[in-house]
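Visitor: Line by line, the protein sequences are chains A and B.
End of the first sequence = 269 in the numbering used here, gap-free, step of one.
End of the second sequence = 109 in the numbering used here, gap-free, step of one.
If you are wondering where the hints come from, they were derived from the structure by calculation, not from laboratory data.
Cβ atoms here follow ideal geometry from the backbone N, Cα and C, with glycine treated the same way.
One thing to keep in mind: the hints can contain errors.
Here are the simulated DSS-like cross-link-like pairs (lysine-lysine), alpha carbons at most 30 Å apart as the crow flies [to be verified]:
(1) B/Lys6 x A/Lys128
(2) B/Lys24 x A/Lys92
(3) A/Lys75 x A/Lys162
(4) B/Lys6 x A/Lys130
Label pairs and their calculated CB-CB ranges [as the list claims (entries may be wrong)]:
(5) B/Val108 x A/Asp56: 57 to 63 Å
(6) B/Val108 x A/Arg121: 47 to 53 Å
(7) A/Pro165 x B/Ile44: 42 to 48 Å
(8) A/Lys101 x B/Leu43: 44 to 50 Å
(9) A/Asp244 x B/Ser85: 58 to 64 Å
(10) B/Gly18 x A/Asp56: 23 to 29 Å
(11) B/Asn14 x A/Asn126: 42 to 48 Å
(12) B/Ala107 x A/Ala85: 29 to 35 Å
(13) A/Asn200 x B/Ala69: 19 to 25 Å
Next come the chains, spelled out residue by residue.
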Amino acid sequence: MINKKCTITALTIGLMMGVTAGAAKAKSEKWGAYEVEDRRSGYTYMTDETRIMQDDMLQNPATLWLDRGEGLWTKADGEGKKSCANCHNDAKTAMKGVATKYPVYNEKLGKMENIEQRINRCRTENMKAKEWKWESDDMLGMTIYVKHQSLGMPMNVSIDDKAIPFFEKGKAFYFERRGQLDMACKHCHEDNAGNRARANMLSEGQGNGFPTYRLKWQKPGSLHRRFRGCNNEIRATPLGYGSDEYVNLELYMMWRGRGLPVETPAVRN
Amino acid sequence: MAKDAKPRVRVPANAKKGEVVEIKTLISHVMESGRRKGRDGKLIPRSIINNFECSFNGKKVFESVWHPAISANPYMAFHVRVDESGEFKFKWNDDDGSVYEASSKIAVS
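Working from the sequences, and respecting the hints, build out all of it.
Guide: Below, the structure written as structure tokens:
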């Protein structure tokens with residue numbers, strides 16, 4: 001209680017002095033697993049109400065998609081009349097930890113592959129079924145279900161060996177100015193995390209909760225949808241879902257949030 | 001997802017006689033307000049759940065009338081006092097006439 005009061009006082013003084021940059025990022029608050037070294041999950045930038053919504057698995061509306069994904073896991077589809085469970089058995093054990101490692105390098109494709117792409121490749125190659133559309137409820141449901149099996153596990157993507165050039169490309173994208181507003185990702189999410197852009201609280205832009213239920217969207221959405229939204233907001237041309245640029249950026253972002261817990265499905269504003 | 005709306009409910013499995021229990025419900029629904037315009041510039045017709053009710057052993061214990069400002073995938077939590085074992089029945093009424101239902105039992109000692 002005393003601690004909390006101190007924080008509030010410190011914040012008030014900080015604001016009165018016109019110090020805005022570090023104020024909301026005060027280190028005195030304890031975020032537990034949601035804070036690793038100098039990195040904080042988007043969870044810590046949300047309001048209490050949004051956090052409660054995420055933590056209560058009944059209040060969290062993304063659990064509706066989680067249920068959908070669970071149903072799809074055992075549903076046979078395509079010419080092969082196979083379901084995910086035919087090969088992978090129980091998702092609870094088979095998919096545990098998967099979300100912490102993606103995107104991974106794929107030898108055959110010669111580039112990085114993220115979970116959505118992996119799911120669709122499984123569908124076309126092994127199940128002989130039709131690809132799911134990127135933002136379809138089925139794809140979101142399955143991605144949420146797969147990633148949810150790693151809930152709370154620290155993110156840990158590999159950026160060694162074959163992944164190096166793709167990591168460098170993703171990193172370059174992150175720091176490259178683009179669009180009419182001539183802004184890079186880092187201008188909001190590194191330089192101004194914790195500050196407001198008009199009414200919106202800027203977070204560090206971590207990807208550990210995706211696909212995340214966004215209150216603005218009124219449904220869950222993929223990380224690439226968020227990328228497209230960000231690009232649009234700085235008046236740059238959004239790139240395609242699953243484009244090489246976005247997958248490389250995803251790799252850089254997952255590395256950037258290393259150690260943060262997987263929160264899928266998170267709730268954000 | 002209006003066509004395959006899926007409800008989730010949470011009712012405690014056990015309670016003491018006379019206890020006030022919290023009941024939580026969630027249902028998938030687009031809750032289209034009827035005021036948004038689509039890409040073609042035309043209004044997207046309204047499609048919402050307009051009424052939610054809960055009954056316990058056949059007797060209505062909670063009802064709420066919903067309007068277009070309710071968010072998509074509506075969550076509703078409320079409290080009910082239970083005096084006997086029985087079954088809660090939940091009903092969501094859609095604009096298009098369809099009814100989504102769920103039920104859950106509670107043992108009262």
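Visitor: Now look at each hint and say whether the structure bears it out.
Guide: Hints and how they fare:
Restraint check for B/Lys6 and A/Lys128: satisfied, since their Cα atoms lie roughly 28 Å apart, inside the 30 Å limit. Simply put, B/Lys24 and A/Lys92 have alpha-carbon atoms about 26 Å apart, close enough for the 30 Å limit, and the pair holds. Restraint check for A/Lys75 and A/Lys162: not satisfied, since their Cα atoms lie roughly 35 Å apart, outside the 30 Å limit. As the CA atoms of B/Lys6 and A/Lys130 are separated by approximately 24 Å, the hinted pair is consistent with the 30 Å bound.
Distance hint for B/Val108 and A/Asp56: a CB-CB separation of about 24 Å, inconsistent with the stated range 57 to 63 Å. As the Cβ distance of B/Val108 to A/Arg121 is approximately 52 Å, the hint placing it in 47 to 53 Å holds. For the pair A/Pro165 and B/Ile44, the supplied restraint of 42 to 48 Å holds, since their beta-carbon distance comes to about 45 Å. In this structure the hint that A/Lys101 and B/Leu43 lie 44 to 50 Å apart at CB holds, the actual value being about 46 Å.
For A/Asp244 and B/Ser85, the hinted distance range of 58 to 64 Å is satisfied, since their beta carbons lie about 60 Å from each other. For the pair B/Gly18 and A/Asp56, the beta carbons lie near 26 Å from each other, so the given range of 23 to 29 Å is met. The hinted range of 42 to 48 Å is satisfied by B/Asn14 and A/Asn126, whose Cβ atoms lie roughly 45 Å apart. Distance hint check for B/Ala107 and A/Ala85: the Cβ-Cβ separation is about 33 Å, which falls inside the suggested range of 29 to 35 Å.
Here the CB-CB span from A/Asn200 to B/Ala69 is close to 22 Å, well matched to the stated 19 to 25 Å.
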